[in-house]
Amino acid sequence: MKNTQGEVWVFAEQEEGKLSEVPFELLGKARELADRLGVKVGAVLMGSGVESLAKPLFEGGADVVHFVDDPELKVFRNKAYRHAMVELVKEVNPQIVIFGATHMGRDLAPAVASALKCGLTADCTDLQIGDYTDKKTGEEFKDVLMQIRPAFGGNIIATIVNARNWPQMATVREGVMKPLERGTGNGETGTVVRHGAHLEGIDIPVEVVDIVRKVSSVNLKGARIIVCGGAGVGSKENFKLLHDLAAALGGAVGGSRAAVDLGYCEHERQIGQTGVTVRPALMISCGVSGAVQHLAGMKDSAKIIAINTDKDAPIFQVAHYGIVGDLNVVIPKLIKAIKQKG
Amino acid sequence: MKQYNCVVCVKQVPDTKKVTGDAMKADGTINRAALPAIFNPEDKCALEAALRVKETYGGTVTVITMGLPAAKAILREALMCGADRAVLVTDRKAAGSDTLATSYILSQAVKKFNPDLVFCGRQAIDGDTAQVGPQIGEKLDCAVVTYLEDLKLEGDVAIATRDIGTGIETCRAHLPALFTVTEKLGELRPFQMRRVMENKNAEPETLDCAAIGCEDSRCGFAGSPTSVNKIESVVLAGGEFKEVPATDEGISGLVSELIKDHTIG
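Residue numbers (the working numbering), protein chains in the order written: chain A, 1 to 342; chain B, 1001 to 1265.
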């Protein structure tokens, strides 16, 4: 089963004929891994009549698009997708398969790994190729996938390997990997390989009756500037100050888990391990103490300004600029200075 | 009317929200003994889902956990809330199980009870993988419905509402089915006083791997394809740090600096 010349695969999830940003983030990382291994990047596209999505996947870094076209795959259902994916893995034998840690990816990937009896690491924040020595047997493995993820509520970072039962599989958190720069992928063409879903005679016990799409007004992942509030903001009313600051900067507003739990802001604004991972050009952190779970979701911001009354708050350890003071005083001063100079 | 046989898979976990300095050993690993052991929060929601089925449609609720004997504490809690039967799967052979081996052992235990509905919490707070539920479902080869928020039953069909991230889906799943449940379903009901008295010293049924027909090669370390290569404690590392005084001049200077390096403006 171990195919050291196997492709590095990305599961290119689509809904209603549209790809989200996630497959492109995964392709950015897959390209790096595949170049290191000297193999091809394959994107797995499943659905019904969605062949036109192959082109953007080539642009995103795929060399090959494995297209599984079947009316039964029109809407995601665990059993149908699992079965098609398992058959595809057996047929082509990739060495690595990466899924987005989205709702779909976290539903599908475990089921595929279970059926193939191979390992799977959830919610990775980094993937690298490296050598691994089994400490018990002394056995050495070259060029295996190092699957790096936070664990234990974000308090530790674990590197997991799956040296024996290939393919090596992982889900990757949204917003963590960087897509390739536009124009640095493979242009608009590559190889499309069509595959059957092999669903004849397979009973699929679930029918999707209805889907109501969420209309989200919050786009934290795409924001260049984020103003983020924590428990220290003190009230829902005070949170309006953060919205004023974000408006002055053309940025978005986020919150820590504590702020969300206290009802200061909506759940969809939550930044951190159980929320969204962001890496804006500027993060202004207001009244956030800096629990590791929160830092895991924002520490890669290019610039971090922390405002907190407690000079010992852990947030200052990741900040580039620290202002020790009351945010009710500091934020109006910031808004004033921005309006004067901007 | 149909009665439903429900099985709920639960886990006792260290309370990772209470991690403080003394919970981390010098080598960066976790000192589990320093943390309180609790009933995994989303597994409580899974139990609530099963209790609602029993209450609304009739049936039984069996709670299963895999763990050390100390995990009997959460089984007693489940009995106090209204579960009918509690089972502990405990075996040295299960030590070191990753999600693949864990789901194998649990699926073997679940099969023994031949349920119509299986409920799992979406994920446990010590690993946050959300893998064990769907993996049990694959091994049972039944309908799998993740991120469950609401459930109704019509004979052999479950009408489920679930979060798919980009929206809310309604689906019809033919039983038997496995559900992974999130906090949105609702909180676990409180203990029933009468049941607290009855179950405070309850001894759950105990099964080992052999009793549920597990192959040794698929349990514990032997059945776990993943291994931990390295553990590091989280090191907070900022860039260059500059303290800005909370004065008009200080803040004005900061804004100028950010404009100058094109971060804003």
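Think of the hints as simulated: they come from the structure by calculation, not from any bench. The reader is advised that the hints may include incorrect statements.
As the list claims (entries may be wrong) - Distance condition first, Cα-Cα at most 16 Å in a straight line; then the derived EDC-like pairs of lysine to aspartate or glutamate:
hint, chain 1, residue 1, chain 2, residue 2
1, B, Lys1152, A, Glu207
2, B, Lys1017, A, Asp261
3, A, Lys117, B, Asp1141
Unchecked claim - Okay, the calculated bits of chain A under chain B, using three or more residues with CB under 8 Å as the criterion:
hint, stretch
4, 228-240
5, 315-329
For glycine and all other residues, C-beta sits at the position ideal for the given N, C-alpha and C.
Here's how the hints hold up against the structure:
1. For the given pair, Lys1152 (chain B) sits about 15 Å from Glu207 (chain A) by alpha-carbon distance, which is consistent with the 16 Å threshold.
2. At roughly 14 Å between alpha-carbon atoms, Lys1017 (chain B) and Asp261 (chain A) fall within 16 Å of each other, so this suggested pair holds.
3. Taken as a hint, the Lys117 (chain A) and Asp1141 (chain B) pair is honoured in the structure, with Cα atoms around 14 Å apart against an allowance of 16 Å.
4. Interface restraint, the stretch 228-240 of chain A with chain B: violated (0 residues with C-beta to C-beta distance below 8 Å; minimum three).
5. Coverage of the stretch 315-329 of chain A by chain B holds. Counting CB-CB distances below 8 Å, 12 residues qualify, and the rule asks for three or more.
Of the numbered hints listed earlier, the single one contradicted by the structure is hint 4.
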